[in-house]
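Visitor: What follows is each chain in one-letter form.
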Amino acid sequence: MAKKVLLIEDEPNIIEAMSFILSRDGYTVHTHENGETALDKIRAYPPDLIILDVMLPGRSGYDVLQDLRSEDAISDIPVLMLTARGQTKDREQALRIGANAFMTKPFSNAEVRDVVQKLIEA
Amino acid sequence: MAQTGKVGGRIRDRRMDISMQQAVLAKAVGISASYLNLIEHNRRNIGGKLLNDLAIHLDVRAEWLANGAEDTLLSALQEAASSSSENHDLQPPEELAGRFPGWAALIVEQADRIASLQDSMAAVTDRITHDPALATALHEVISSVTAIRSSASILVGQEVLDTDWQERFHRNIYEDSRRLAENSETLVSYLEAPDTETGLPIAPFEEVQEKIAGLDFHIAELEGDKPKAVADIVGQGGFKSDASAALYTSYLTGYHQDAVQLPLTQFALSARENNYNPVVLSRIFNAPLAQVMRRLASLPPDMDIPPIGLVIVDAAGGVAFHKPVEGFDMMRSGGHCPLWPVFSALSRPDQPIRAVAALPSATQSHYQCYAVASSFGEVGFDTLPQIRATMLVIPVAAENEGATVPVGMACRICPRDACTARREPSIVANIAARL
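If you read the protein sequences in the order shown, they are chains A and B. Residues in the first sequence are numbered consecutively from 25, following our numbering. Residues in the second sequence are numbered consecutively from 2, following our numbering.
A portion of the hints provided could be inaccurate.
[Unchecked claim] A short list of chain B residues far from chain A (calculated; beta carbon distances all over 10 Å):
#, residue
1, N173
2, D177
3, L216
4, Q292
5, V397
[As the list claims (entries may be wrong)] Here are some, though not all, of the chain A residues that point toward chain B, as calculated from beta-carbon distances under 7 Å:
#, residue
6, E35
7, A41
8, G50
9, N133
Derived from the structure by calculation, the hints contain no laboratory data. The C-beta atom is built at its ideal place from N, Cα and C for all residues, glycine as well.
Go ahead and model the full structure; you've got the sequences and the hints to work with.
Guide: Structure below.
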């Protein structure tokens, strides 16, 4: 059965490109574009991996991640965080609140595929 | 030296600071040691010659012995000292203010300036770090780049895409590239025109350059048979400092000489007839090549003159003057690409150099460059000549190129990865390599 990836990102063309490459790798990709309702989506559709952008409309990815880690039912889902800010403190913050991996935009498709595979197989 | 409120105390403190015996000082100024003792304990008033003599032998100013340093100067010095992060073994400020009031005032002035600059820097840093408008603009740019990169990678991948997907990703790249261009322009405009005054001081060079640029590098008041006096033009310039006025005076004086020797109408006509070739014009007008280049760059745009840029650098590579032209803007702070002909000219004084310089990946990328280095200033047996190089920069179409010199503006933003002149890694090259 195909593994499920939930991509929470608000840029339509990034969503389309990432959905394409991950679908091509055999994953079932669902997408969501809003931080405020992201947890509802996760609860309703617990994926095997979440790709979570930091800057989202409604609520930041950091806040979504913090709440995710405090809910037992969904707290174990691995999360790959995406951000346009690559400073050390951003990376440290993401990892401190429970991100499993952290990628800085602009990333390569190969990097994304590699990290997604590692996180899902872990 | 301990802080003492009266003249006698200041005499005693200073004498002890320099380890001078009371008897020695008393003898030096022609009084008894006991009388000096009374003075030092403020039991005798002194002034006039005796005060001056004591000041001389104590190596301080008589005013300081009489009045002490001004409170404001002292407190300002103490404030300046307290702002230092280092634990210097500082003498009390009274001694500095008394003995070297000029230096003390300079320290206070510089401490004020440092504080002002720190405030400005904090404002700029805060703006960059926390400004939501800037963060949003940068986020937009990076998001566009990410989408373009991802879509482009899919298109150039090994897997054959069906037509529908190809069209979709092509369209996405087109949309994102347009968005990137718009956001980049927004970002540049935002950075160029801050909506709040940061208080950053402007250097005299920049102030004068802005003034000249505002006149399109053409000083109409110095042209023709009845030029205005340089001093009058400078006087109406509204400069913020004497240094700026002096720089502008120097520039206008040189401009006036050029205008007299190369009359505008005659020179512009000849320049057009000879395709703005400075070497040819130099022969026709029997004028130095550098002067012809300066004159070409000062022709008014309303005479249907093509865009012409100019840069003048000193022997250390510092930019003494520059007139930007589309795609070419040699910023004043160092870090320039050494491959520009103007720098080659420095090593070959009086040898004209002509080359087409090619910038990487710019809208306007090719420039016909003419450069020459020449000495200036007074010549003497014991005086080394000062060298300056002048380079004329005329944008040309890429297809006109013959042999070109690959150049950049600065290593930091130059994507040429196989450049032997590279001084530091490029952030552009890093990004390009990842795309």
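Visitor: Give me the numbers of the hints this structure contradicts, sorted from smallest to largest.
Guide: 1, 2 and 8
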